[in-house]
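Top line first, the protein sequences correspond to chains A and B.
Under our numbering, the first sequence has 356 at position 353, and the numbering climbs by one with no breaks.
Under our numbering, the second sequence has 305 at position 304, and the numbering climbs by one with no breaks.
Please keep in mind that the hints were generated in silico from the structure rather than gathered at the bench.
For every residue, glycine included, the Cβ atom is placed at its ideal position computed from N, Cα and C.
All the given hints hold, so there is nothing to weed out.
Capping the alpha-carbon separation at 16 angstroms, the derived lysine to aspartate or glutamate pairs in EDC-like fashion look like this: (1) A:K331 <-> B:D143; (2) A:K118 <-> A:D66; (3) A:K331 <-> B:D86; (4) B:K401 <-> B:D374; (5) A:K379 <-> B:D97.
Examples of chain B residues lying across from chain A (beta carbon under 8 angstroms, computed): (6) G44; (7) M45; (8) P50; (9) V51; (10) L52; (11) R79; (12) N81; (13) K89; (14) A90; (15) F273; (16) L278.
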Amino acid sequence: MELYRYTAHEIRDMLRNKETSVPELVKACLERINQVEPKVKAYVTVCEDEALRKAAEIQKGFDLGEDMPALAGVPMALKDNMCTKGLVTSCASRMLDNFVPPYDAAVVNKLSEEKAVLLGKMNMDEFAMGSSTENSYYKQTKNPWDLECVPGGSSGGSAAAVAADEAVFTLGSDTGGSIRLPAAFCGTVGLKPTYGSVSRFGLVAFASSLDQIGPLTKDVTDCALVMNAISGHDPHDSTSANVAYPDYTKALVNNVKGLKIGLPKEYFGEGINPEVGKTVEKAVELLGELGAEYEEFELPITEYALPAYYLISSAEASSNLARYDGIKYGYRAERFDDLIDLYRQSRSEGFGPEVKRRIMIGTYALSAGYYDAYYKKALQVRTLIKRGFDKAFEKYDVIITPVSPTTAFKIGEKAEDPLEMYLSDICTVSVNIAGLPGMVIPCGFDSKGLPVGLQLIGKPFDETTLIRAAYTFEQNTDYHKRRPNL
Amino acid sequence: MNYETVIGLEVHAELSTKSKIYCGCTTEFGGEVNTHCCPICTGMPGVLPVLNEKVVEYAIRAGLATNCEIAKFSKQDRKNYFYPDLPKAYQVSQYDLPLCTNGYIEIEVNGNTKKVGIHRIHIEEDAGKLMHDQWETGTLVDFNRCGVPLIEIVTEPDMRSAEEAKAVLDKIKSILEYTEVSDCKMQEGSLRCDVNLSIKPEGQKEFGTRTEMKNLNSFRSLVRAVESESKRQQQVLESGGVIVQETRRWDDNKGVSYSMRNKEEAHDYRYFPEPDLAPIVTTDEMVESIRKTLPELPDVRRKRFVEQYGLPEYDAWLLTTSKFLADFFEEAAKISNSPKMVSNWMMGDMMRIINDKGLDYDAIPFTPANFADLLGLIEKGTISGSIAKTVFEEMFTSGKHPEDIVKEKGLVQISDEGELVGIVKTVLDENPQSVSDYRSGKDKAFGYLVGQTMKATKGKANPQVINKILKDLLK
Chain A
4 MELYRYTAHE
14 IRDMLRNKET
24 SVPELVKACL
34 ERINQVEPKV
44 KAYVTVCEDE
54 ALRKAAEIQK
64 GFDLGEDMPA
74 LAGVPMALKD
84 NMCTKGLVTS
94 CASRMLDNFV
104 PPYDAAVVNK
114 LSEEKAVLLG
124 KMNMDEFAMG
134 SSTENSYYKQ
144 TKNPWDLECV
154 PGGSSGGSAA
164 AVAADEAVFT
174 LGSDTGGSIR
184 LPAAFCGTVG
194 LKPTYGSVSR
204 FGLVAFASSL
214 DQIGPLTKDV
224 TDCALVMNAI
234 SGHDPHDSTS
244 ANVAYPDYTK
254 ALVNNVKGLK
264 IGLPKEYFGE
274 GINPEVGKTV
284 EKAVELLGEL
294 GAEYEEFELP
304 ITEYALPAYY
314 LISSAEASSN
324 LARYDGIKYG
334 YRAERFDDLI
344 DLYRQSRSEG
354 FGPEVKRRIM
364 IGTYALSAGY
374 YDAYYKKALQ
384 VRTLIKRGFD
394 KAFEKYDVII
404 TPVSPTTAFK
414 IGEKAEDPLE
424 MYLSDICTVS
434 VNIAGLPGMV
444 IPCGFDSKGL
454 PVGLQLIGKP
464 FDETTLIRAA
474 YTFEQNTDYH
484 KRRPNL
Chain B
2 MNYETVIGLE
12 VHAELSTKSK
22 IYCGCTTEFG
32 GEVNTHCCPI
42 CTGMPGVLPV
52 LNEKVVEYAI
62 RAGLATNCEI
72 AKFSKQDRKN
82 YFYPDLPKAY
92 QVSQYDLPLC
102 TNGYIEIEVN
112 GNTKKVGIHR
122 IHIEEDAGKL
132 MHDQWETGTL
142 VDFNRCGVPL
152 IEIVTEPDMR
162 SAEEAKAVLD
172 KIKSILEYTE
182 VSDCKMQEGS
192 LRCDVNLSIK
202 PEGQKEFGTR
212 TEMKNLNSFR
222 SLVRAVESES
232 KRQQQVLESG
242 GVIVQETRRW
252 DDNKGVSYSM
262 RNKEEAHDYR
272 YFPEPDLAPI
282 VTTDEMVESI
292 RKTLPELPDV
302 RRKRFVEQYG
312 LPEYDAWLLT
322 TSKFLADFFE
332 EAAKISNSPK
342 MVSNWMMGDM
352 MRIINDKGLD
362 YDAIPFTPAN
372 FADLLGLIEK
382 GTISGSIAKT
392 VFEEMFTSGK
402 HPEDIVKEKG
412 LVQISDEGEL
422 VGIVKTVLDE
432 NPQSVSDYRS
442 GKDKAFGYLV
452 GQTMKATKGK
462 ANPQVINKIL
472 KDLLK
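Here chain B stands alone, though its shape is the one from the complex (with noise of 0.2 angstroms):
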């Protein structure tokens, strides 16, 4: 039998408010232990919360960036759950009146546009932090996080694939970081991500029982869950069984997943009312000024990039997904002749090395500036093409200007024929069979014995300039 996977996701972002979501206390990440709370966030007992404003700015800059309506009236709950990290032993959520509701976001998958549904946008505090492991005798806590804003986005089930679900999360996070809402990092924890997944047979219409997966902290984790969780399922079904809805814990070194049936999570999470904190009421005139304060977002700049740089969708598409890229591409298009070249530097190699070295995009070490003159020194004939990817190497190494690089090492491209012709003849010297082979018609010793000037010159010498004397000689 062919089955469907249904997903939805349960999105947690980490808002980039200054202070915490009750109390004043900084939110900035990465703190020494203990260091960013107080009586209120540690949940001394007496304290009131007060709900920072900002809080409610962004989730509805974030609600409208996902096409939401946005509450009049909504309130604040508790929901009530022991654990060490939550040191009110309540988390300060919103049930069943939350902030943003009914929205939807659009992704490009396979050349199709699809359109996925937001359920509803809540604000909620994020908990602190369990220490294992840095301990001899038990587990410690950290309050740093704790009180930190979080907003809760859940999509409606509208995905059929893990690639869908891929686009989604992009999509989500690549909205929240236009908006500013959230800096979305993943390894950071600011973006968290949980995934609700049935499957059933192709046609049917009720959905199957569902599983929610936690523990996802990249794109990867989510595609091999979403193939894990569904392939289980499937097996379940087919050996006979049925699925249970539980959740369940990701691992992605074993990509492997665990029920997490244990008594921690048999939670009832009595949520009610939270007392201490007012309903939260929206003017027409507060929303309409908030959205005045919107950027451009995602889907119209890749609009912009297609018509105004002419680049390809897909290009258009990847650089756009990430506003840091669009704003590194859109600063070196600016100085650079050919926003094409630009285009391709990123989509290539500066894509390929960003990767392998496993890097954030904002710790880049150079500016686009100084990216747009690297392609201006190929532009002008001062380096190959070849040279430059060196180069490029060597400025995510060090930063340095390109100008410098090429000056420190030499690489100034050799275009003066007279020079060259003497290296091509000792080339041609020490290469008699490949030089009869191209006689006898073989063109690809051609390039064999191009590759060996190149060689010669560690690089440097003009390709062009090579091929023509390497044509003359060979007449």
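So here's chain A without its partners, still in its complex pose (with noise of 0.2 angstroms):
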């Protein structure tokens, strides 16, 4: 088998096996990116000498008999939202195009310790509004499995990456779906953790209060092994929880006997393709049989959850992005005639029109008279969807739903409605209200061959009994083995 095609542990276990070198694995990987990237436009920022230095660097440990961690030498990549010092991170806007931070975001921080090797920056939606990586400023990743279909968003690039073998694993954000999304779309497995599990410390912020970090990657070992590296309490993040982080890897455990499984009505109803809602449900009889107990509840407010998502999140996207000023770095208009116009002209030719229309959608949601109409009242959805979920697990251990109503759309489908492109979020956005982990494995393909994902919802920091049931569900399956044909 082709060296880029290995999944972390393996890499991990052939590595102190000798059976490779880390610059061995990190050519084959950067070959692989010049060879698919052209069909699959995952990469905004390839740093191929710097990956070629840090291999070298890494093998000595190896060679040396160094006691090495888990990630070592494993050929990575992260959205181009997380902050990389003395490497432009664009969230693929123009307004951030030239933007070289002078310091690490936590999680580089985190897999520069673990010793995992950057290879470049992901493609994404700009400032991670979207769930088609349609509003990079850059290029149209592509899906894998079908190059005329969008990857899902906004971690497209992400997501694309890992299911064409262009990196082991990558770093996504999630906001309100952005990881899980795409990972369903391109067939990944890929975890939005409880918020405050992964600090969001150098995360280039989009909404704060949703925001979280996580791994996309090839099986649920890799995710388990790529939580263990960046999960943990920061200081300098205050919304970073203080509790005990477990070893994720001891949940990768293939059993679910007595498993408790609750699958809302209101995610398997109208609106869901059937196809889609089908293999889902397959996928539940599945661990049904492995000793699973499943039965289906309602789980209340769902229809609010989408509105209140994009009002909370525009909310406080239009005040995190209003730094974008054409004051002290990123974009600045040629031309303006005062302070005001500097203003307008940058931020008008800086952003694109998805970004401007959330930004005036939480403008105008936290405006004078408005504000109780609009802001408090998705807060007040908020609360009664976190009550509502932690109702539904005094029952059940595990909730399961489809990812999105569909499979991965045609490039251009929905671009020019955003409301339709809003609702591929329907099933994602309530685990970010909650501030719940949820986690994504493949489960089946449809009739076209595009792969079907399946969500699986857990409590506040009981990332490990997702990770037991997803990795269960995977040691029965071959779902994850398969590649797209590129």
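Grab the two chains, each in its own frame, and use the hints to assemble them into the complex.
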């Protein structure tokens, strides 16, 4: 098998057994990038020289027989909204096209301590706003399973790269489904951890109360390995949870006996493509055969989750993105009359249409006279949604739903209709609103040969139960082993 | 018609914490431009704030010293607006759940004590500074001040005159100095004051429409702005106009205010809870332990000065407005035999010289002990009171010890009668007219002759000895 196809845990063993070397691995991935990138377009930056330099350095550790971390030498890539010192961090926006951060994000430091090798930065929807990666300032990332389809978004580059073996694993960020939707569309494993379990320091903010960094990997074992590396309390992030973090690999257990699964009716009904619904149901039946118990239940307020999400996330975004004003860094218009015009022109030219739309929605929702009707109401819905999940989790260990109403759609199909596009997130946003962990694994393919994802939702900080259920499913299926033909 | 002025103050004070409110940068004033900043306080993409716990402690101290209730649960909010000195384009402040509420302070005006309500005290971050003049092609920004912690103290509209407004600002300033919450240097901008003002016909209960006056950076400008704005509002009403609710900017050079009605000021701040920060939760134990660290506050100290040192009410009040002055007094009084004399000199010559020179109290170049020594020289008769004034002036210039000045300049008082008799005789010979005037009953002439003798001795003669000699010789 080609070197670029291996998982992180396979690489870990191979490097220890001296079956390969870090430079060989990194070269193989860089060659793979050269080979398929013209078709997939997942990367916005490839840092070849630095990756090779790092690879040689890390190999020395293996050669000297040092005690190496689990992810040592594993080639990986980051969504381009995580700050990397000295390396452009653009958020796929013209606004930050020239922005070189003077510091590293907390996750970058952690992966650097783990001695993972950074291959480059991934394409995304501008400022993580979108469900298809069509909102990138740079390029359209393609779905490796069908190059005419979108990879999902906003972490489309991160998911496509893993599916196309252009990186062993990647990190994405998820505000309303931005890890899970592309993971589902591209047939990879994706995890949005519990809010507060991965530091947001250095993640360029979209919506602070919803954003969370998480892994996109080739299988569940890798997901656990990456979670071990990136989770933990960070005193530099006031929303980071100061709790005991588990060894996630301990949850890699092929056993779901007695696991109680809840299936919220609202997620399987109208609007869900029947093929998707059926594939997910079949996956649940398999878990049932393996010893899990499942039943349908009602999860109220679900219908209000999407509007609440778009109000809260846009309100926060309108404030978070106000700092891009052309004064200190980033894009500044060449021509302007005065200060106000400098702001107006720089922001008009620097932001794309979807970002402007969200800023306007958010500004409106926070405005005097509308705050109570929109933002405040959305926060009330948030409380009710949390309560609904709390109640459900009194009864169930895991909630299972589809990830999106459809499989990957055609490029351009929804680009002109923002509302249609927003509906792609209908199954994922509640998880962010409630701050819960949400995991996606591939659970089958539709008649067009496109991957179908399964979403597992857990109690706060109970990623281990999700990993156990996902691992059990994976051990009894082979969807995760299939690769697109590129 | 007689109008009554209704005044409320919004006082911003920079806290004396060592580091900024959300990052570890120093709060020191006067550093090289853009050296006291980091990715966090300059609002780089992706950075997050962490609240400096000292800020909460200092704000609670200010709250307790002004008799406020301390909130068990309080939160921080974003105040959104665009300005180049505000790198995140929002200021983290507190909107509807401030840390301290519902307090009061007491002021004395014209011998009457008045309670003035403290509506709230909240914490927030300061902005940077624009520099318009140092560059030919445009404006530059200095972010050193960005993220320096502030408290905003909002009073109730309980003041009715410029005098009362000044007394309130005075009292707030001294409380913040005493509690070491802020160094309150108005000229460095660490204490700033906005005035909300309206007028109403005397006796009417409802308040009129108010205006907000900004850019008051001294007590003098506060007083002038209040007087000017109440006059302006009165003129508007009397000419049949209506007061517009607006923000005005005080121009201290011209002594007038201007409306700030422009695009930049037409704000809807779109406050919402800061999602990057957790709520502030305080406990009774925490508040009580802070209360225990509160020092003696100005009102208590003033009463003690009256009782312990026998100072007049006014002197005790003035000396205790400033913690520095009060400390200075007590240290000098400890050494001197006469606290009254210390107080008199401080209230008189010291205040006059400080005001003439425009000095900060903490720029006084000599110690309280040296000051007490000067007074000791007078008491011992080494120098006269009038020579002491010269020495005192010199102490302000050179900071030297009074004894050294007296020695260097040969200012020791001449009390030797034998030496002085000759000099007095010469003066009498030179001024026959005054001598005859005195003898014909014009007492005034006596003073003139004393003056001439002092002049002849360059002020060094002991006045009592001269009096005696003159009286003897003129008999």
